[in-house]
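Single-letter residue listing:
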Amino acid sequence: SQQGEEDPQALSIQEGENATMNCSYKTSINNLQWYRQNSGRGLVHLILIRSNEREKHSGRLRVTLDTSKKSSSLLITASRAADTASYFCATDLLKAAGNKLTFGGGTRVLVKP
Amino acid sequence: SQTIHQWPATLVQPVGSPLSLECTVEGTSNPNLYWYRQAAGRGLQLLFYSVGIGQISSEVPQNLSASRPQDRQFILSSKKLLLSDSGFYLCAWSLETQYFGPGTRLLVL
Chain D
336 SQQGEEDPQA LSIQEGENAT MNCSYKTSIN NLQWYRQNSG RGLVHLILIR SNEREKHSGR
396 LRVTLDTSKK SSSLLITASR AADTASYFCA TDLLKAAGNK LTFGGGTRVL VKP
Chain G
103 SQTIHQWPAT LVQPVGSPLS LECTVEGTSN PNLYWYRQAA GRGLQLLFYS VGIGQISSEV
163 PQNLSASRPQ DRQFILSSKK LLLSDSGFYL CAWSLETQYF GPGTRLLVL
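Here the protein sequences come in this chain order: D and G.
The end of the first sequence is residue 448 by my numbering, with every number in the run present.
The end of the second sequence is residue 211 by my numbering, with every number in the run present.
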C-alpha cells in the first residue's frame, strides 16, 4: 500500500463547519507536507511540518504530526465553499534522494454553501 | 519570484504517436525537477525526477522517458503512446517543498 494514505477518502460538510482529515505513513520521514488541488489544476503547497514538530498553524489550517503513530491530521476551521478541493499529504522520506515526495490518494472535500 | 510553466494544457493523441511535454521553471537555479502522472480521482505517481542537467532517475518502468537538456527545462517524451498513457501530467520543482505547474491533460485515443 502507499506510504501516505488519507482518511476519509471523501468528506462533505456545511460552510462554517470544521473539516478534519488524517494521513498515515509507514516509514521514517524528514517532513510531511499537505497540498490542495482544485479540480483539474496543479497542486498548491499548504503546510510543511518537520519530524521534530508536533503542531503547526497557517491561517485557518492546523496540522499535527505524531511520529510515534506515524500519522498527521489537517484541520480546516470555519470552512468556506472555496475550500472545496482534494487534499493530499506527502512524505519526504529519510534518505530519499532528490527531495522526493510520496503522495497519498487524497481526501476530496466538498463544502456546501 | 519563481514560476513554472507547462504546455500544452490539453492534448489528444492517437495510439502509436509520439509525445513531447515541456516544463520550464523561471526564477530559480539548479532546482530538483519532477514529472508525475495522476489518474482521475487518484493520487500522484512519481514518474521521473532530476537533480541536475542530464541526470534523470526513473521511478517506474513504463513507456515514457524524460530529459533535462537545460537547468530549468524538463521534457517528458514517448516514441509511441499507449492507451494507458492517458492521464493528467504534472511537472514540479523544489528546493524543499514542491511547486507544481498547471498540468497537461493527455487523452490517447
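Where hints are given, some of them may not hold.
[What the hints assert, rightly or not] Label pairs and their calculated CB-CB ranges:
hint	chain 1	residue 1	chain 2	residue 2	range
1	G	S159	D	Q344	29 to 39 Å
2	G	T112	D	Q344	33 to 43 Å
3	G	P171	D	G351	17 to 27 Å
4	G	H107	D	D342	13 to 23 Å
5	D	E390	G	L113	38 to 48 Å
6	G	N165	D	A432	39 to 49 Å
[Stated by the list, open to error] Within a straight-line C-alpha distance of at most 20 Å, the following computed SDA-like cross-link-like pairs (lysine to any residue) qualify:
hint	chain 1	residue 1	chain 2	residue 2
7	G	K182	G	N134
8	D	K391	G	T199
9	D	K361	G	K182
10	D	K435	G	G154
11	D	K435	G	V162
12	D	K435	G	L149
13	D	K435	G	S131
14	D	K361	G	G156
15	D	K435	G	K182
16	D	K435	G	E198
17	D	K361	G	L148
18	D	K405	D	S363
19	D	K435	G	V114
20	D	K435	G	L113
21	D	K435	G	G118
22	D	K435	G	N134
23	D	K404	D	N365
24	D	K435	G	Q175
25	D	K435	G	I155
26	D	K361	G	E161
27	D	K435	G	P163
28	D	K391	D	A345
29	D	K361	D	H392
30	D	K361	D	R395
31	D	K435	G	E161
32	D	K435	D	N353
33	D	K435	G	Y201
34	D	K404	G	L148
35	D	K435	G	L197
36	D	K435	G	T199
37	D	K391	D	G375
[Stated by the list, open to error] To be clear about the criterion: a stretch of chain D counts as covered by chain G if any three or more of its residues have a C-beta under 8 Å from a C-beta of chain G, and this derived list gives those stretches:
hint	stretch
38	379-390
39	438-445
Hints listed in this document are in silico derivations from the structure and should not be mistaken for laboratory results.
Treat the numbers as computed from the prediction; the structure is a model and nothing was measured.
The C-beta atom is built at its ideal place from N, Cα and C for all residues, glycine as well.
Going through the hints against the structure:
1. G/S159 x D/Q344: 29 to 39 Å: 30 Å, holds
2. G/T112 x D/Q344: 33 to 43 Å: 27 Å, violated
3. G/P171 x D/G351: 17 to 27 Å: Roughly 51 Å apart at Cβ, these two residues miss the hinted range, so it is violated.
4. G/H107 x D/D342: 13 to 23 Å: Given range 13 to 23 Å: violated, Cβ gap about 35 Å.
5. D/E390 x G/L113: 38 to 48 Å: 43 Å, holds
6. G/N165 x D/A432: 39 to 49 Å: 24 Å, violated
7. G/K182 x G/N134: Not satisfied, since the Cα-Cα distance of roughly 27 Å exceeds 20 Å.
8. D/K391 x G/T199: 16 Å, holds
9. D/K361 x G/K182: Status violated; Cα separation ~36 Å.
10. D/K435 x G/G154: Holds, at about 14 Å.
11. D/K435 x G/V162: Holds, because 14 Å separates the two Cα atoms, which is no more than 20 Å.
12. D/K435 x G/L149: Holds - the C-alpha atoms of G/L149 and D/K435 are around 11 Å apart, at most 20 Å.
13. D/K435 x G/S131: 18 Å, holds
14. D/K361 x G/G156: 32 Å, violated
15. D/K435 x G/K182: 28 Å, violated
16. D/K435 x G/E198: 9 Å, holds
17. D/K361 x G/L148: This hinted pair holds, its Cα atoms lying about 18 Å apart.
18. D/K405 x D/S363: 8 Å, holds
19. D/K435 x G/V114: Violated. D/K435 to G/V114 sits at ~29 Å, over the 20 Å cutoff.
20. D/K435 x G/L113: 27 Å, violated
21. D/K435 x G/G118: Roughly 31 Å between the alpha carbons, so the hint for D/K435 and G/G118 is violated.
22. D/K435 x G/N134: With Cα atoms ~9 Å apart, D/K435 and G/N134 stay inside 20 Å; holds.
23. D/K404 x D/N365: 15 Å, holds
24. D/K435 x G/Q175: 18 Å, holds
25. D/K435 x G/I155: 17 Å, holds
26. D/K361 x G/E161: 19 Å, holds
27. D/K435 x G/P163: Given pair D/K435, G/P163 holds - Cα atoms ~17 Å apart, limit 20 Å.
28. D/K391 x D/A345: 23 Å, violated
29. D/K361 x D/H392: 24 Å, violated
30. D/K361 x D/R395: 28 Å, violated
31. D/K435 x G/E161: Given pair D/K435, G/E161 holds - Cα atoms ~10 Å apart, limit 20 Å.
32. D/K435 x D/N353: Violated, at about 31 Å.
33. D/K435 x G/Y201: 12 Å, holds
34. D/K404 x G/L148: 25 Å, violated
35. D/K435 x G/L197: Judged against 20 Å, a Cα distance of about 11 Å means the pair holds.
36. D/K435 x G/T199: Between D/K435 and G/T199 the Cα gap is close to 10 Å, so the pair holds against 20 Å.
37. D/K391 x D/G375: 28 Å, violated
38. 379-390: Holds: 3 residues of the stretch 379-390 of chain D have a Cβ under 8 Å from chain G.
39. 438-445: holds (count 5)
Going through the hint list in order, the structure does not satisfy hints 2, 3, 4, 6, 7, 9, 14, 15, 19, 20, 21, 28, 29, 30, 32, 34, 37.
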